[in-house]
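Visitor: With chain D fixed as given, assemble chain S onto it according to the hints.
There are 2 protein chains.
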Amino acid sequence: MKGIVVQKYGGTSVKDTRRIMNAACRVVSYRKKGYDMVVVVSALGDTTDELIELSRQITEEPVEREMDMLLSTGEQISIALLAMAIHKLGYDAISFTGTQVGIVTDTSHTKARIIGMSSDRIKRALKKGKIVIVAGFQGQNQEQDITTLGRGGSDMTAVALAKVLRAKVCEIYTDVDGVYTADPRVVSGARKLDKISYDEMLELASLGAQVMQARSIEVAKKFNIPIHVRSSLSGKEGTWITKEERKMEEVLVSGVTANKGEAKVTICAVPDKPGLASKIFTTIAKADINVDMIIQNVSRTGRTDLSFTVPTSDLAKVRRVAEAISKKVGAKGVMYDKDIAKVSVVGVGMRSHTGVAAKMFGALAEKKVNIGMISTSEIKISCVVKKSHAAKAVQAIHKKFQLGKKK
Amino acid sequence: MKGIVVQKYGGTSVKDTRRIMNAACRVVSYRKKGYDMVVVVSALGDTTDELIELSRQITEEPVEREMDMLLSTGEQISIALLAMAIHKLGYDAISFTGTQVGIVTDTSHTKARIIGMSSDRIKRALKKGKIVIVAGFQGQNQEQDITTLGRGGSDMTAVALAKVLRAKVCEIYTDVDGVYTADPRVVSGARKLDKISYDEMLELASLGAQVMQARSIEVAKKFNIPIHVRSSLSGKEGTWITKEERKMEEVLVSGVTANKGEAKVTICAVPDKPGLASKIFTTIAKADINVDMIIQNVSRTGRTDLSFTVPTSDLAKVRRVAEAISKKVGAKGVMYDKDIAKVSVVGVGMRSHTGVAAKMFGALAEKKVNIGMISTSEIKISCVVKKSHAAKAVQAIHKKFQLGKKK
Chain D
20 MKGIVVQKYG GTSVKDTRRI MNAACRVVSY RKKGYDMVVV VSALGDTTDE LIELSRQITE
80 EPVEREMDML LSTGEQISIA LLAMAIHKLG YDAISFTGTQ VGIVTDTSHT KARIIGMSSD
140 RIKRALKKGK IVIVAGFQGQ NQEQDITTLG RGGSDMTAVA LAKVLRAKVC EIYTDVDGVY
200 TADPRVVSGA RKLDKISYDE MLELASLGAQ VMQARSIEVA KKFNIPIHVR SSLSGKEGTW
260 ITKEERKMEE VLVSGVTANK GEAKVTICAV PDKPGLASKI FTTIAKADIN VDMIIQNVSR
320 TGRTDLSFTV PTSDLAKVRR VAEAISKKVG AKGVMYDKDI AKVSVVGVGM RSHTGVAAKM
380 FGALAEKKVN IGMISTSEIK ISCVVKKSHA AKAVQAIHKK FQLGKKK
Chain S
20 MKGIVVQKYG GTSVKDTRRI MNAACRVVSY RKKGYDMVVV VSALGDTTDE LIELSRQITE
80 EPVEREMDML LSTGEQISIA LLAMAIHKLG YDAISFTGTQ VGIVTDTSHT KARIIGMSSD
140 RIKRALKKGK IVIVAGFQGQ NQEQDITTLG RGGSDMTAVA LAKVLRAKVC EIYTDVDGVY
200 TADPRVVSGA RKLDKISYDE MLELASLGAQ VMQARSIEVA KKFNIPIHVR SSLSGKEGTW
260 ITKEERKMEE VLVSGVTANK GEAKVTICAV PDKPGLASKI FTTIAKADIN VDMIIQNVSR
320 TGRTDLSFTV PTSDLAKVRR VAEAISKKVG AKGVMYDKDI AKVSVVGVGM RSHTGVAAKM
380 FGALAEKKVN IGMISTSEIK ISCVVKKSHA AKAVQAIHKK FQLGKKK
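So the sequences go chain by chain: D and S.
Residue numbers for the first sequence, in my numbering: 20 to 426.
Residue numbers for the second sequence, in my numbering: 20 to 426.
FYI, nobody ran anything at the bench for these hints, they're computed from the structure.
Possibly wrong hints are sitting among the right ones.
[What the hints assert, rightly or not] Think about it this way: if two alpha-carbon atoms lie no more than 30 Å apart in a straight line, the pair counts; the simulated DSS-like pairs of lysine-lysine are:
| # | chain 1 | residue 1 | chain 2 | residue 2 |
| --- | --- | --- | --- | --- |
| 1 | S | LYS147 | D | LYS336 |
| 2 | D | LYS336 | S | LYS336 |
| 3 | S | LYS386 | S | LYS346 |
| 4 | D | LYS107 | S | LYS347 |
| 5 | D | LYS406 | D | LYS130 |
| 6 | S | LYS346 | D | LYS305 |
| 7 | S | LYS146 | D | LYS149 |
| 8 | S | LYS386 | D | LYS34 |
| 9 | D | LYS107 | S | LYS130 |
| 10 | S | LYS411 | D | LYS149 |
| 11 | D | LYS107 | S | LYS147 |
| 12 | D | LYS305 | S | LYS107 |
| 13 | D | LYS142 | S | LYS21 |
| 14 | S | LYS347 | S | LYS386 |
Only chain D is shown next, with the shape it has when bound in the complex:
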């Protein structure tokens, strides 16, 4: 055998039984070339949303343990069907749930983290000549409860498997050709990137480019696992995510994104005492809420407004926590704004070039787009704008940085 290839098929790549047969053919074609195959599958197309809808009919706030019990069935259906499809093609396949394959996570239901993984059962199956199919998105905590890894968690399953199995490559199959300089549905001149660094991809993923889960890219970076993001509908090369190369630095900006999945929360008129911000964000972190941008306005009259953004899906949880905190610290109340989008530019070139921020703000100003909040990292600049301005902003920035031109 030539080594192990890990492939991950996302929901759109297995959205119906025809697509599942399609995926099975691709898996078998690799197998014929002499690779040991380990395949991670997401839930069929809309299954996850349908299951969420079922739970909503019962309660607005389902217990998270039971939500994981419910949602993990989606991937279990996919692995069984894909294994059947591979058998149909005359090859031996065996499917495993997260529990069966020994994916151990922490107890943080609905967004658990993998803390360990056994590869024994997979290796035994590979040795017997079987193609191994693993349910993405799920694991089991140490109390033997089923957990899920959060949206996009199947990517994490694939990368973690690629790591423990020392796979040659981890292929991420999706319904787009690869990673683009901007969302092609928004920017007509958007261009597919042949290569991108882990760091850039990490920022893009965190910023709402929904190609791959951010945490899984971190892990791929840490263990230097080559990722190939490509389409399950064509044979074309996609985008390789790899270590940063010298050449990449010539490129100022790799991509521009808009994330509409966040909301802005403002705790108003917080007494300006040392330690209060720490107390507030510790409490929020304990409730397992991911805070993204944080802005503290300049204090006047001993009080200050504290704003931060959170995923809209966490808003119900945030509401409870934030309002309790607001009372506790003697603030004047909490305000919410769901009408926001976070527009960002990403590029390792920023490290060595200045003026990227000024250029970005200039592009927005020319289109009369107001900036609400700003945050920056070494290779990223994000601005919060009105949701309705998101497309206009992305187009203006894409043009300003001439991202459509191959460099």
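Guide: Leaving out everything else, chain S in the frame of chain D:
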């Protein structure tokens, strides 16, 4: 606490989220009365059929291990939703899959038998005051593969749990009021029985009265577990299945059933040598096919026709096995007849009364219903008739034995 009650809700009792809430209310009402509750749930309404249809789109003969992987998701969805519904009502519930609860089965996929069960995890949860929800129909074999217990397998889960937990009663919730003297949709005068013996119920179940799985009644009988079959849509008492009582023997016949789920297989002109029948049925049993009635016609010219009935669902498997056997033993081929129904009368009274068969055959003759095969047991007589004659036959027999009148 007053002891443990095991309840099992069948597919129609949890066919949608409204029914699930309904089941949750019933569970909680028992809990309020002071019972420790263990609840077994089937898959939502048509889920199992939908999953089977998905697999059919891929292959006509799915690997059975993967079929179990697929089908077991149905119950997993139900337990999560029921647990959420109970939480919504303000009570603490926890759901377990067959694997989690330690239901160990043999390796016979799609119709596995329970060989062991641990009650530790359930008892721990009950001690913490939780209502325990268990996925019916499924277990795990010793290779840690998911198995399913065959159609109606949730009944087995419930009865087995009632046994290991020493439950006071095992309630089987369905969409009918209890066990009837005949199918009320076929016989207008059919009457609900207040009580029936395990043996009678066992025969009725084997004969196609789809109220409860036959194997589960065997287990209930063996361990003397009181079963209460009742409707999830009303508060009415249903039918108690218990040990045979003196009084029951006064009743000649308890019920009449028709089973349209079988087909007749005839291996033609088998050479009439000793040991051939044994060889044939050993091979069929090894293929995990349940043979029901067997008829061997009188031998002429050294050859004999061998007929038997099997569940229609096993017909594809039977075809392969029977045709191979036919060649091997030098028979003249295999014929199939799906156009049959098995009409049966059941009653412990037959033990002490004669003439039941004559009366039954008389009723059929009066209606000009031809009898194809006959088989009898101590408390049962079955006749195979044409499928189109089934309803007429059942009506005639029900009337002849005056089953509609309370005795």
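Visitor: Against this structure, judge whether each hint is valid.
Guide: Results of checking the hints against the structure:
1. Only pairs whose Cα atoms come within 30 Å are accepted, and LYS147(S) paired with LYS336(D) is accepted, the gap being roughly 26 Å.
2. The hinted pair formed by LYS336(D) and LYS336(S) fails the criterion: a straight-line CA distance of about 53 Å is larger than 30 Å.
3. Restraint check for LYS386(S) and LYS346(S): the C-alpha separation of about 40 Å exceeds 30 Å, so the hint is violated.
4. As the CA atoms of LYS107(D) and LYS347(S) are separated by approximately 28 Å, the hinted pair is consistent with the 30 Å bound.
5. Taken as a hint, the LYS406(D) and LYS130(D) pair is honoured in the structure, with Cα atoms around 27 Å apart against an allowance of 30 Å.
6. About 71 Å separates the Cα atoms of LYS346(S) and LYS305(D), which puts this hinted pair outside 30 Å; it is violated.
7. A distance of roughly 44 Å separates the Cα atoms of LYS146(S) and LYS149(D); the hinted pair therefore is violated under the 30 Å criterion.
8. Distance check on the hinted pair: LYS386(S) and LYS34(D) sit about 54 Å apart at the alpha-carbon level, beyond 30 Å; violated.
9. Between LYS107(D) and LYS130(S), the direct Cα distance comes to roughly 22 Å. Compliance with the 30 Å bound is thereby established for this hinted pair.
10. Of the pairs offered as hints, the one joining LYS411(S) and LYS149(D) is violated, with about 54 Å between alpha carbons and a cut-off of 30 Å exceeded.
11. Note on LYS107(D) and LYS147(S): the hinted pairing is violated, with a Cα-Cα distance of about 47 Å set against a maximum of 30 Å.
12. Restraint check for LYS305(D) and LYS107(S): satisfied, since their Cα atoms lie roughly 24 Å apart, inside the 30 Å limit.
13. For the hint linking LYS142(D) to LYS21(S), the alpha-carbon distance of about 50 Å lies beyond 30 Å, and the restraint is violated.
14. Restraint check for LYS347(S) and LYS386(S): not satisfied, since their Cα atoms lie roughly 42 Å apart, outside the 30 Å limit.
Of the numbered hints listed earlier, those contradicted by the structure are 2, 3, 6, 7, 8, 10, 11, 13, 14.
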